[in-house]
Amino acid sequence: MNFELTLERQMMQDSLRRFLSDRYTTQVRNDLLDSDAGFSADIWAQLAELGILGALFAETQGGYGGAGFDLAVVFEELGRAGVVEPLLDSAILGGGLIAAQGSADQQKLVEQVIAGSLHLALAHGEPGSRYDLPHVETTASQQDDAVILNGCKAVVVNAEAAGYLIISAREYGAPRDEAGISLFLVPSDASGLSMRGYPLLAGGRAAEVVLDRVTLPVSARLGAAGAGYPALAERAAAASVALAAETLGAMETAMALTGDYLQVRQQFGRPIGAFQALQHRMADLLIELTQARSAVINAAGHLSAEPRLRDLHISAARNLVARVGRLVAEDSIQLHGGIAMTQDYALAHFAKRIVMAEHRFGDADYHLEQFIDLTAT
Amino acid sequence: MDLSFSAEEQTFRAELRLFLADKLPPEMADAVRLGRGLSKQDHQGWHAILNAQGWLAPNWPKEFGGCEWGAVQRHIFEEECARAHAPRIVPFGLSMLAPVLQKFGSKAQQDHYLPRILSGEDWWCQGYSEPGAGSDLASLTTKALRDGDHYVVNGQKTWTTLGQHANWIFCLVRTDPTVKQQAGISFLLIDMDSPGIEVRPIILLDGSDEVNEVWFSDVRVPVENLVGEENKGWTYAKYLLTHERTNIAGVGFSQAGLAAVKRLARSQQHRGRPLIENPHFAARVAQVEIDLMALSTTNLRIVSAAAKGQAPGVESSMLKVKGTQVRQEINDLARRAAGVYAMPFASEAVQGSNEAPIGPDGTAAVAAQYFNNRKLSIFGGSNEIQRNIIAKVKLGGGG
Ligand SMILES: Cc1cc2nc3c(=O)[nH]c(=O)nc-3n(C[C@H](O)[C@H](O)[C@H](O)COP(=O)(O)OP(=O)(O)OC[C@H]3O[C@@H](n4cnc5c(N)ncnc54)[C@H](O)[C@@H]3O)c2cc1C
Ligand SMILES: Cc1cc2nc3c(=O)[nH]c(=O)nc-3n(C[C@H](O)[C@H](O)[C@H](O)COP(=O)(O)OP(=O)(O)OC[C@H]3O[C@@H](n4cnc5c(N)ncnc54)[C@H](O)[C@@H]3O)c2cc1C
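Those protein sequence lines, which keep their order, are chains A and B. Here the first sequence is numbered in the numbering used here, starting from 1 and rising by one per residue. Here the second sequence is numbered in the numbering used here, starting from 1001 and rising by one per residue.
Read the hints as simulated data drawn from the structure, not as lab findings. Computed from a prediction, not measured in an experiment: that's the story for all the values here.
Part of the chain A face toward chain B, derived, beta carbon under 7 Å:
(1) R176
(2) I333
(3) M356
Glycine included, every Cβ here is placed at the ideal spot set by N, Cα and C.
Okay, chain B solo, but in the shape it has when bound:
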């Protein structure tokens, strides 16, 4: 056992800090810090900055232009980026689709799509969930019927995050309705500009417009857009889900969030003293910090084991549950810390204008974020589903 970072790791952290201080645009960091929505251009701009440095794809193998970093280096990267209030890396192309293409895609697909993900030419979104297929993803009904050298796709996807920005969507579609659910699913790449696709925004409870419905009517998709084999899509989908869960613990986000809570609690007065000195509030903060310290190590232990070839199974479910609990608790603390100033609705109109936001620095978006981040325990496999997985593996029982 050795809990210290090696000399190279420390050098890497120092290099990263310099890079972030130099290259991360301050207005972008402010927007992230204050919880303002980021535009497509913001995300693309940040991706381009990372790509220029060669750091956009920490988990990709070198042969595809990635960093192929180890667990600790990725951990440091996530920690430092969150600490500097860098925008998150939009995961759909980089950490979801890319690993699937790298493992199961044809050479032609790899050569065509992977460079376009790095360059930002393509923005991908994830078309898994449907109105009737949430936790029970395998019950999906969007169908793709073979017609010559095309598939004809009909159906509806939903909850498609940032689909309004995307020009491509990777979808699970049903290609064989006659077999067991999981056996008739294929993994299809669809150009969002194809005739017959309609994207409709869904407004979330905090007023944000990050998710969409995507409707398909007689959309023609060339057969070469099939990934791997027909009817093997479920295997690829599950492979993708394990990647979806790699940074699922969100340790960096929690660390940055907790630091923000402390800043806020130092600036807020409670009965004539800084709120941070109030024993009830301080105890809440300490409790979460204790959990987070252990979580950081849990995360490193699991990710390191995974790097040695032990595929994370039940462990990633544990990280998902605990990681989201910690993040949501921190959102709750921020809401509490803001006091009465949690109440104003920081609409885009207020935030986007030149007017200063209502209330002290850092309070404007806390309540909206508290509500928005309820999603963390719902998507990517709900926490109940994760518990079912853990119980099934550890007890051999069912859900």
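Okay, chain A solo, but in the shape it has when bound:
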């Protein structure tokens, strides 16, 4: 066993952390949250230049990373700085699906993603699907050499910025069948595709997407007809590693802010950190945070394992990190008192990132249930 990061990953971690601590200040972030775009094109370009987007893809895909630990290192730093730029959507989900499933032609888009010149979004979840991954009611019907999509997609993060949407649709089978789901690469200006965009509570933007007889050439399919599910499940697992690691980083910052504040805030003639009631809360949080890091390591280390083993570790990590995340977010606010309730104080954003991460690709209960299903037999 070796729990050290490789030299390359350490260097990437250092340079990303340095870049973000210089550039991604609370003021910059709060301005971004208020902006129409919801994130900074400038910072996006610089992240690409630093090679951070490339680190999320394997060498065979044109990158130089792509393993669970690459994702974990990058997203922990993004979480630590409270970054709202859509790396998860454009790179891990969108780029990752094209890289894994695309034809040679389609794969050329991955270069653009890595270069920072193309945004993507995964339009998969639907108003009635909640976190249930195989639940797809959007239909794809093939007529000669055209495919027609009809349906609605819910909370499609980064849809408005995306040049292409990767849309899941059912070619055959019942709404919850794994077989029968296809993925399509759809230009965001395709006729019949409309969206209603809105900001997200924890930063960034999303849209409700309506597909009304969106007509595509069959060449828009990503991979074989009806066989998209395994790739989706693999990318959902990768997204979960990223989200768990991001939450870990955000928790580190929340704890650091809280620890510092307990030293400086004086009440009753002493720093509030002198009260044992608060010291014990901090101690408990540190214990839980240590556990969360281990769970993230377990998940990252099993991202390329066979699906059952992979998903077992993913669900374990997401469940544990969701529980710890809620505790850290709530207690960090509580231990600060009123100041933490304000938008301007840095903690507010981290608390929101931590809690709202639970709403992507399954909350604590969803992953508990997955874990039970995977371990019961």
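Since chain A is already given, all that's left is putting chain B with the ligands on it; use the hints.
Okay, now just chain B with the ligands, sitting in the frame of chain A:
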């Protein structure tokens, strides 16, 4: 022991339901149900409707125009109002300042201010906390120096809830800096239109603008605006705090919140079945409901004892801690129930426009409310401070 409601109490509940069905404007109830912000006019409108019925001041003595209701009747009132999604009664004038004036104010102050609270002519806010004086309220430094028949006030209050709507603020100010902290504080009524007052909004983490900073520079306040005696303000402030905590358990709010969670969980699908049928989610809901049932009785027991003259001390601290835990847990359940639709930010712009909110009915504000209600365990004496009080009384130790 008899846990049933008397015939009169049941009649009262029926009367209340009819009144609410008849008089509570549906758009107001919708706004409350969906967690949209209420305007000053909304609050004032609801107060006026209650006042016309004579029900605006459930806890005031009759001589001042109140209902003088007993514990059970107040409990029913709170339950039914919350159930109908009525706006809460804004507490600062009605349940905080009024009891202080009724007990310690001069006849002239009572005659002048109390009717204006009922009529809605005055909107009061609470000027206790300061940047440096939160839990340690007695360390406050806003000072009031006597100058002829005026006090001259300098300093800053903060966290002033709905101060942007207020035309009056009741403040704790330091009138004697030379004595022990608690001994040099006075209770002062200040006209918000006085020269030298500036109100600056504080935006909270859910984007709401319900609290403010209030700055005082050389604000001249007539001496007749002093409540009771100079330097006795701490006694009045503590008296007020026990009133601040009367509806602190928030049982009605929790009941309404839990009903909303169940509605949402019935409408949301999880793996092809209603979420409410999911054993993990159902267990969370049941757990809170069990706590809430006991809390409702705890609340009635304590409030009834208080009505018989046993001043609630440590018990109100217990109600505060458990009541806020239950409310916050319900906010968490609502967030969970909304699934991915907890993520959109229901800004006023979206909510206020004619566009339908994003996501299924009842999901738009759940995450914002979850974050906003973290305040419940911070204000009115934080839950840590309440635990210190409980421990001190029960163990005789310190905090
Ligand atoms: C089954 C068993 C096996 C043991 N084996 C060994 C052994 O092999 N060798 C050995 O040397 N000892 C052994 N011990 C003794 C053990 O180390 C002591 O029980 C322990 O140090 C606690 O001391 P105490 O029981 O006197 O409790 P106390 O120290 O009196 O503590 C009572 C309570 O007060 C709390 N408390 C005390 N101080 C503080 C503080 N500053 N802040 C907050 N809370 C505080 C404690 O956590 C505890 O809840 C054993 C004890 C048990 C029960
Ligand atoms: C939304 C909101 C609305 C408010 N509205 C009003 C209002 O209208 N008017 C008004 O006057 N005030 C208002 N307040 C202020 C509120 O009463 C204070 O926030 C509260 O008293 C806590 O003070 P603080 O925020 O300065 O936290 P601090 O007192 O600095 O506390 C920070 C942390 O230390 C803990 N702590 C402090 N002392 C101890 C101790 N001895 N032992 C253990 N733990 C301790 C606290 O529990 C908390 O966890 C409001 C606050 C909020 C958030």
